[in-house]
Amino acid sequence: MRPAARIKSIQSRIAGSFVMLVLFTALLLIFISYPLSESAVRETAENYTSELINQVNANIETYITGMKDMSLAAMNNPNVREYLVAGGELEPEELAKLKRKISDYFHAILVSRKDIASIHIFGYNGTFISDRMDAELNPNILPQDQDWYLQAQAHKGQAVISSSHVQPVVKDEYRWVVSLSRELSGADPDKGIGVLLIDLNFKVINDMLSKLDLGNRGYVFVIDKEGRIVYHPQQQLLYSNLKTEQLEQVLQDTQGGFVVNEDGGSRIYSIKDTDFGWKIVGVFYENELVDNKRQMQRSFAIAGMLCLGVGVLLSFLLSRNLTRPIKRLQETMAEVEKGNFDIRVPVGHSKEISSLARSFNVMVLKVKELMNQIVVEQEVKRKSELNALQAQINPHFLYNTLDSIIWMAESKKHDEVILMTSALARLFRASLSKGREMIPIATEIEHITSYLSIQQMRYQDKIRFTLDVDPSLYPYVTLKVLLQPLVENAIYHGIKNKQGPGSIAISGELKGDRIMLRVADDGIGMDSDKLSKLLTAPGKGRSKTSVGIANVHQRIQLYFGPDYGLSYESEPGAGTTVTVTIPALRAEELAGREEIPS
Amino acid sequence: MRSPIRMRYVLLAAVAAVVFGVAVHQLIGGGRQEPPKIVVAVKALDEIEFWRVLIDGVHTASREFNAEVSVIGPPKEVDVDRQIELIEAAIPDKPDAIVMAASDYHRLVPVAQKIHRAGIPLIMIDSAVQGNYAKALIATDNFDAGQKAGKELAALLPPKAQVAIVSYVQGASTQIEREQGVRSILNGRAGTEIVGTYFSEGMEERAYEITMRLLKERPDLDGIVGLNEPSTVGAGRAIRELGLTGQVKLVGFDSSIKEVKLLEEGVIQSIIVQKPFNIGYLGVKTALSVLEGDKVPDKVYTDSVVIHKSNMYTEENQKLLFPFVEE
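These protein sequence lines are chains A and B, in that order.
Position 402, counted from 1, in the first sequence is what the working numbering calls 402; the numbers after and before it change by one each time, with no gaps.
Take any residue in the second sequence, count from 1 to its spot, add 1000: that is its number in the working numbering.
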């Protein structure tokens, strides 16, 4: 099939439409669902982050609240007050006893709280109490210089939460802690008597925060209200500027979050304020959403391709299925076009196609019938035409014969006149043959005998005739007036132009299922060129006898088929022999065979 | 007619199977890309805080950039043979990249060659090997750090001064660079004489003994530079024991609790602290950049920081002096 034809075929059109439909649907679905999924992913991430930092907040607040409660308990402990206020007036023994009591009390609290690293009291009167009796102060560090000490004094009895830091005040201990400090006041509320320090083990916060999962790169960090980092998983990177954090913006934020655009993509900040001034910040990378996005894109692309692939395959199958009966119909039509009317289209399953096929089959049948009818009618027409032509031969001959009779009558040759007239009468009776086209060979012989005797009278000694047909052939049938045109041809073209007399021999024989009738003359003969033209359809300018010869040949073939007819053998100067071949059919066998009554 | 219909069902079934298979594959996440595998070979796994912090940086980077990192190393820094063994065993596994801190400048050369021949990108951290096998070196600028130490000491010295250098392993590249840095400053200072460089072999006791002898032999010594942690601590102990705290100025390298205490006591005036976390982090990051096909500078110097008593508890310096390593 040519490409253009292919494109125009129903199958490709159906397939094409299906593909377009699938493509359109798939694209539409992707365009609708993709942004939805994208925003869903983003929303989920944001919700997850804010939920996570809420949880972190709750945990940290638990720790801090615990520390505050503890500080209140410590502050209101009468032993503590006594020790700090009246410390100087007591006996050293009693003082030591009191100190031990307090220390044991602190120690008891600490045992139940794993998150608390230590509890210390620094009295303004120079006293120091720890939860451990053996704890010594670091001789190289002054507590009074420490930030938490100064902050507690500045806040006058209010609890102060420090950022995460190393606590160096105890000898040989350098723990990472978050400190709660508060100034203890004595009888005079405006006058402090010492500073209470509770250190929260920073490891608990670190462990809690470092285990959080915010995607591969996301993290949580905590800053205090001054913007100092309490916890950051990449604190080292921040200090060395390998990473920057939007601390200013976080401090100023009141919306609960913001997005920072950077060269490497955006970071999404989710911020939660705590009661004690810290801010907990969840950070996740939009890139990771983009990773999800890419995966989503890939999934969508693959799903789309699959849809398309399946669509193409289905449309191909479907369209082939739909067009197959049409194709079969088309092929059958092509066969019919070539002339095969016996072919039938199988009736398919679908309603339209089966009715089409049925109609087509009916049509082919009808056409076949009509064609047959036409063939028959054409034959009839030809036969009648030929009969009409044949009928023309007779008047011509009749004219010549009558001319001869007149001539003989004028010469008073009465006997000859009688003879010729009766021969003429016999000839016409034979040629009439009750209007039948097929006649027994006997009748044909009678006919040709009459004809020969008339010609004999006309040409006297110029022509000799011999008739040698086996009487056993007589019952067989032949077409009437077969031999007369042949003999006429032999006379007019063979002998008439010859010097001296000529002879014509008519013979007949049965050869298998065929009868051969022969008319042989010893006239001037014909060359092969003339011979070859003899049996073809009569051309212009040909003599009437030639017309007659061709007619005889055609009539035989028309009635008996192409296996039969005339055949000529001739040699210039040596004469011509024409053989009539017809099937050996008896009159009774012929009954009903003769389709056309003459 | 029958067989084409059957064929069609077979085809449809096949298509359905493919669709299902791909969907399942997609759900399980088969389309996900494998993270690159990186081997990080350190000089020691957990003996020294320096390496613990460095490994912490390695893990931070591997989390951030989604790399599969395995850290290998001998238990002790002196175990060079063990490090060579471990790295050689890692090469046949064909990691995507190897990040290596060479424990010996010369003995690790064949290993570096092997890695190079195996077509595995090599990134060196902290200390290099001889030759040019690595895509990049990420390390402290030891010459610069030496200069910082030199400047610190110079500021503390009287106009005419005598200074000794307590170093660790003779021939170690970091030691040479640090010493050159120190000398480049002190040699330019009029009236300052460097009495010599003494090698502690990286052992505190050795440094202590050397310094004791030195201080006794040269009572007029004004300052000492300790080029690494054991050398500094050893020297500091000797100064303290001889009651020379504050009289003989000591500037040291690296950090440890011992050094912190000496700093608090005033035995040590300044220490130069490296940033091992950054070295580990950048080592992995650089390896990943190489794998991405990016151009990386062949030398990346990480910063070093000068710490003295007055600034040791600042926010930034606490993390360097008291590394909070996740356990």
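Because the hints were derived from the structure by calculation, they are not lab data.
Keep in mind that a hint or two might mislead.
[As the list claims (entries may be wrong)] Computed list of lysine to aspartate or glutamate pairs in EDC-like fashion (alpha-carbon distance at most 20 Å, straight line):
1. K243/A to D1303/B
2. K171/A to D1222/B
3. K243/A to E1315/B
4. K1261/B to E136/A
5. K1258/B to E43/A
6. K1261/B to D468/A
7. K243/A to E1265/B
8. K171/A to D145/A
9. K203/A to E1265/B
10. K211/A to E1068/B
11. K203/A to E1316/B
12. K171/A to E1068/B
13. K203/A to E1049/B
14. K211/A to D1056/B
Keep in mind it's a predicted model, so treat the numbers as computed, not measured.
Against the structure, the hints:
1. K243/A to D1303/B: 14 Å, holds
2. K171/A to D1222/B: 30 Å, violated
3. K243/A to E1315/B: Since the Cα atoms of K243/A and E1315/B sit roughly 16 Å apart, the hinted pair holds (cutoff 20 Å).
4. K1261/B to E136/A: It holds: about 15 Å lies between the C-alpha atoms, which stays within 20 Å.
5. K1258/B to E43/A: 51 Å, violated
6. K1261/B to D468/A: 160 Å, violated
7. K243/A to E1265/B: 35 Å, violated
8. K171/A to D145/A: 16 Å, holds
9. K203/A to E1265/B: 28 Å, violated
10. K211/A to E1068/B: 18 Å, holds
11. K203/A to E1316/B: Holds. K203/A to E1316/B sits at ~18 Å (cutoff 20 Å).
12. K171/A to E1068/B: Roughly 41 Å separates the two Cα atoms, so the pair is violated.
13. K203/A to E1049/B: Satisfied, since the Cα-Cα distance of roughly 18 Å is no more than 20 Å.
14. K211/A to D1056/B: Distance of about 15 Å is within 20 Å: holds.
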